[in-house]
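> Here are the chains, one letter per residue:
2 protein chains.
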Amino acid sequence: MDVLSVKNHPKQVLKAIVPKHLDILCTHPMFGPQSGKYGWQNLPFVYDEVRISNQARLEKVLKLYSAEGCKMIKMQCDIHDSYAAKSQFITHFTGRILGNLGIQSTPINTKGFESLLQLRENTVSDSMDLFHALYKYNDCAMSQLQEFQDSMHFVRSQLEGISRT
Amino acid sequence: MDVLSVKNHPKQVLKAIVPKHLDILCTHPMFGPQSGKYGWQNLPFVYDEVRISNQARLEKVLKLYSAEGCKMIKMQCDIHDSYAAKSQFITHFTGRILGNLGIQSTPINTKGFESLLQLRENTVSDSMDLFHALYKYNDCAMSQLQEFQDSMHFVRSQLEGISRT
Chain A
19 MDVLSVKNHP KQVLKAIVPK HLDILCTHPM FGPQSGKYGW QNLPFVYDEV RISNQARLEK
79 VLKLYSAEGC KMIKMQCDIH DSYAAKSQFI THFTGRILGN LGIQSTPINT KGFESLLQLR
139 ENTVSDSMDL FHALYKYNDC AMSQLQEFQD SMHFVRSQLE GISRT
Chain B
19 MDVLSVKNHP KQVLKAIVPK HLDILCTHPM FGPQSGKYGW QNLPFVYDEV RISNQARLEK
79 VLKLYSAEGC KMIKMQCDIH DSYAAKSQFI THFTGRILGN LGIQSTPINT KGFESLLQLR
139 ENTVSDSMDL FHALYKYNDC AMSQLQEFQD SMHFVRSQLE GISRT
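Chains A and B supply the protein sequences, listed in that same order.
According to this note's numbering, the first sequence holds residues 19 to 183 in order.
According to this note's numbering, the second sequence holds residues 19 to 183 in order.
Just so you know, these hints were derived from the structure itself, not from any lab.
Please note: incorrect hints may appear among the correct ones.
You can't tell identical chains apart in this list, so a pair holds if it fits in one copy or across any two.
[As the list claims (entries may be wrong)] Straight-line distance between alpha carbons at most 27 Å, and here's what the computed DSSO-like set of lysine-lysine pairs gives:
hint	residue 1	residue 2
1	Lys55	Lys129
2	Lys81	Lys92
3	Lys33	Lys55
4	Lys78	Lys38
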């Protein structure tokens with residue numbers, strides 16, 4: 019059983035190296051020290067039954083999470099990675115940009131800006147290792163990063179198309 | 019009295035064209051249809067007493083906002099614009115990038131990603147005119163936009179410095 023934040027890479031590694039008589043369960047509990055601070059109710063637990071012979075043991079393991087109220091989502095690893103690149107990776111990437119930009123609370127914060135400060139706080143407090151892994155071991159992340167950059171250039175060009183009066 | 023989202027530009031215009039015997043009060047109620055939906059409690063109301071001869075009338079106007087619970091902040095227009103570029107403009111810029119990127123809810127949203135979806139929703143529902151004005155008439159916005167872009171390139175280089183194993 020693995021609990022990594024990317025799924026297809028460990029799935030392929032485990033399939034290649036784990037002896038045939040052992041079961042493989044790939045999972046991603048999609049929460050961390052911040053989002054799961056006050057309980058796991060409705061937080062996503064993604065799993066892929068890659069190779070299961072002992073059904074009773076599988077159910078026992080899944081029960082550990084479902085009993086805590088997790089939203090149990092059975093999903094193939096490659097589908098997980100595709101969704102995660104468009105959501106979790108983009109979230110961390112945005113948070114890291116804001117962190118590097120050094121955004122700070124001002125005396126005139128809007129509600130929207132306060133949610134950015136919160137986002138920055140949550141992502142920057144996760145390890146750099148996690149952030150690297152979300153990019154390095156998810157085949158969909160690179161194209162998402164490029165799309166984010168293209169999108170930024172597009173929005174910038176929209177703004178700069180309007181000349182100063 | 020003006021209620022625009024940028025402050026120094028209208029202040030200069032009003033000072034130039036408003037006859038000397040009229041008062042000038044520049045304000046920015048820093049909330050909109052989304053953030054002020056359920057009341058104005060603790061939402062910032064920024065004001066600059068540019069030219070006030072009738073003190074009683076000024077107090078009557080400010081009372082309209084303080085009575086609703088707004089956080090009343092007396093601040094010079096150029097200071098407002100400097101803070102706003104680093105907070106409100108960055109918020110709108112980030113929201114527009116996410117809107118143009120077409121982020122969508124997935125079956126495996128993390129809490130952080132849900133706050134990005136909310137941010138996208140709130141900023142994209144504001145008018146494009148407002149977004150343009152936040153850039154065009156705030157002298158500090160251009161350098162913030164450049165810093166955001168530099169920050170994005172830095173984070174990207176951090177990721178790409180880690181080669182695939």
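> Next step is simple, just say for each hint if it's right about the structure.
Cross-check of the supplied hints:
Taking identical chains as interchangeable, the C-alpha atoms of Lys55 and Lys129 lie at most 27 Å apart whether they share a chain (23 Å) or sit on different chains (12 Å). Taking CA atoms no more than 27 Å apart as the test, Lys81 paired with Lys92 passes inside one copy only; the shortest distance there is 13 Å, against 56 Å between copies. Proximity of Lys33 to Lys55 under the C-alpha cut-off of 27 Å is found in neither arrangement, the shortest distances being 33 Å within a copy and 52 Å between copies. In this assembly of identical chains, the alpha carbons of Lys78 and Lys38 lie at most 27 Å apart only when taken from the same copy (21 Å versus 80 Å across copies).
Of the numbered hints listed earlier, the single one contradicted by the structure is hint 3.
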